[in-house]
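J.: So the protein sequences, as listed, match chains R and G.
Our numbering runs 111 ahead of the 1-based position in the first sequence.
Our numbering runs 330 ahead of the 1-based position in the second sequence.
Just to be clear, a hint being listed does not mean it is correct.
[Stated by the list, open to error] Capping the alpha-carbon separation at 20 Å, the derived lysine to aspartate or glutamate pairs in DMTMM-like fashion look like this: (1) G:K354 / R:D257; (2) G:K353 / R:E177; (3) R:K226 / G:E485.
It is worth saying that the hints were derived from the structure and are not from the lab.
These figures come from a predicted structure and were not determined experimentally.
Read off the chains here:
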Amino acid sequence: MAVKTGYSPELIKKLEDMARQLRIDVIEMTHCRGQGHPGGSLSPAEIMSVLFFHHLRLDPKKPQWENRDRFILSKGHACAILYAALAHRGYMPLEELETWGCLDSRLQGHPDWKKTPGVDMTSGCLGHGINIGAGLCLAAQLKGLDYYTYVLLGDGELQAGILWEGAMLAAKYKLSRLIAIVDCNGVQLDGTTEEIMPLEPLRNKWESFGWAVLDINGHSVPEVLAALDKAHANGDKPTVIIARTVKGKGVSFMEGKAAWHGKGINDEEYQQAMEDLKKNV
Amino acid sequence: MFKLDNTRQIFGEALAEYGVKNKKVVVVTADVSSSVMTTFFAQKNPERFFNVGIAEAGMVDTAVGFALSGFIPFANTFAALLLRATEQIRTCVAYANTNVKIVGSFAGLSDAKDGATHHSIMDLAVFRAMPNMTVIVPSDSIEARKMIPLMAELEGPAYIRISRAEMPIIFDESHKVEIGKGITVRDGNDVSIIANGHLLSRALEAADKLSSQGIKARVVNMHTIKPLDMPLLRKCAQETGAIVTAEEHSIIGGLGSAVAETIADENPVPVKRVGVADKFTESSKELDPLLDKYGMAVDDIVKAAQQAVKQK
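Hey, can you work out the whole structure from these sequences and the hints?
T.: Put into structure tokens, the structure is as follows:
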């Protein structure tokens, strides 16, 4: 898509720096825990940076504020980057990230809204986000609230039939405040999406379900900024942003590799990953 | 012996009336509103009625979205079809502990004519196994109606069964009901028959027959199988020394299992379970002969009670 100008270089730099920081946190956390899903946590770093540090209407002091924007990490396995974003945004101390996945931690292996401040919904089993988001949007209409609901999906997740139940529902009720973002990194647990269950043409699929579609480079902060702004102006349709990304983005040995869907990081890999992130991103 | 009334209609009308009073209630349904009679709710509260189409899993998740925003959603379809949404109910309702009320209509064998695809003999087993979930099987229409505000006021997930068939009228308007509290409907000290749903009226008929044989059967209406009324169950075990369960469900996982598990843990006494004996059912023009054929006849309860008493 054409990139809207008008975002200040300072804003873009700030959000790019935060994306890099979130990636570093993902690597630190996955190394510290020895478990996790680094590939799909690294791919949406720019999206998460723009959402949590510019776009979402949030108040970390009031995590349950009724009219806050909602964010559902439908691809719950990418929770490391959500926890990192929430910590930097002030929902919890940064040191708490080290407790991820440990007994008694508020930071579960997949998001748990009852335990972690700032998490709007429990997730981890794929496919739930659109229907839940639609419910939240319908509720907002009944209450006269104007919050938006953002749902971050994986592309492999689009293979789940329930997701399309939600897509039909959102179009039926004209939920223009529902914005889905597909972290389209092309790789799932068992291989590439092309090998496992081809998804293209994605734009046509969503359009035929009645959604407004934006197809962007998900690693370009200006494109993510512009797409989210544009999604606010889509009349009576829900919007999906197909964000083309690279699984494992920023870490040379992880990029595009299904093997890094769910795997801990050893000391040697950690050193390499940190070197990559400090120079590449 | 008992007069009958139309449970689904009474429940549907009552839910509609309750929705007029409690504006937090929304109904989400999956293309069966005219069958399960949430159409009444739609007529009275059109702005809070949502039909998601034939999409049971999506229906549950949509209800979850409403609950996250402070509404009290009643998600409603056939009990047998709710199994399609088992993972949604497990993850997004039970585990996430969202305030979603799930109504399983056409429950048990009550949609007799439609056959085993539409008979629900394992819903209680599935939902009872989920932490945080309350599981209710009302034993007549008045009880079903009285459960609506109680479920709505209960904070957290709840599942209720509603029958498609006309049900025997057991209680009157003075009937007092509390979630999690069983009710002794008939006294007796030789054996306790713990029943719910359609089988409560049959349990009462069985108690009459047993009485003529000199066996005094206590009959308990265990309308909530989770949380189970443990004090009442203990009392039954101690005072009668033998227990029979009777339900319109598989003997695996429902009321019978709940009671047997508890009794085995606490007060081992003979327990006999009356229900569907781990098999799929079949079509029938009427419910009563179907219940009879699949092991839930009044005489099945009588025999179970006789055996339990013998084993004391």
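J.: A separate judgement is required for each hint: does it hold in the structure or not?
T.: Results of checking the hints against the structure:
1. G:K354 / R:D257: holds, 18 Å
2. G:K353 / R:E177: holds, 17 Å
3. R:K226 / G:E485: Between R:K226 and G:E485 the Cα gap is close to 18 Å, so the pair holds against 20 Å.
Checked against the numbered hints above, the structure breaks none of them.
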